[in-house]
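Asks: Since the structure of chain F is provided, determine the placement of chain X on it from the hints.
Residue numbers (the working numbering), protein chains in the order written: chain F, 1 to 208; chain X, 1001 to 1097.
None of these hints come from the bench; they were simulated from the model. Glycine is no exception: its CB is placed at the ideal position from the N, C-alpha and C atoms. A hint or two may mislead.
[Stated by the list, open to error] Chain F regions said to be covered by chain X (calculated; three or more residues, Cβ under 8 Å):
(1) 30-37
(2) 45-57
(3) 156-162
[Claimed, not checked] The following label-pair restraints were derived from C-beta to C-beta distances:
(4) P106(F) / K1010(X): 16 to 24 Å
(5) E1051(X) / V202(F): 31 to 39 Å
(6) L20(F) / S1041(X): 45 to 53 Å
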Amino acid sequence: MQALLALIRVDLLLESIAGLIALALSHYASKAYRLTGQKRLSDLSTGFLVLSAAMFGRVIGTWYFFVLSSDGGDPSSGNSLIVVVTIAYGAMKVMAYILFAVSTRPTLGGRPTILPMLMALPVLVDPNLDMVAIIVLLVVVLQSTVNYLNVRTKYALYVLVGFSFLLLSHVSAIPSQDDVRGYALSQVFQFLGFIALLVMLVKAGREA
Amino acid sequence: MRSKKPYRSKMRILADMMRAIQSEGENGAGPTKILYGANLSHDRLTQYLDELVAKALVLESQDSEDSRMYVLTEKGRDFLREFVRVEHFSEAFGIEI
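Next comes chain F alone, as it looks inside the complex (with noise of 0.2 Å):
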């Protein structure tokens, strides 16, 4: 029991450093989008604004269970609390996900209008949505490689293995139900991923 309070403690420890990155990364597309007026940056600095939102939640709901849990509360209440958080970070994390679809798609043609149509998606698909945020990833890693095989820039690469490690977490978390290393080895591959991402940002600013 210690041990697995050790790891969920290290979990919202690196869940929490990953949601600052991630709300660093919204600044500066934020910046950037005022900068040159480029809707994409205004996507991606959503995206990344709503993964941060929803690591912040998971974080502080993950938090409150174990404060009400130790306070000898009602264990149904503490449950579905719990349920909710995962839900709703789950949900956030698909809408960030197909933001970032959106904002790095190749540049052909207009706006796609199916871009509604896929902000609903993730509450009219079942509970369990790392499937759903498998596939959209895999479209983001897919246009990140396309991306990178085209610039060929050491900043494309970082943005596309932050994204493949992102995949990775999602793709380790599947069998982790009841396995708690494959939980542990998920959340080391999500923060992995964001370091990648915090290394392009700063070498990105660095290197004017």
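Replies: Just chain X, lined up with the frame of chain F:
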């Protein structure tokens, strides 16, 4: 089939002009160098140069009637540095600016 010319945003055109000016060093660049450096028509060049001067990103100096030179101001250099950062960031995600 006709090949499609890549779209250049106004911000990119201004940055290209400022790069052309910067590449000429401390003495600055004349209109012809900027025109070729940024690949612009004469009308657009005049319009955008006026805008750069009005925004205090570029300083215009005129020795004689026919010789005008343009140099980047400190604000212009800061803008160009920020633009390059944004360019790296956007390019990393495959977003054209």
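Asks: Find the hints from earlier in the document that the structure breaks and name them by number, from lowest to highest.
Replies: Hint 2 contradicted; others consistent.
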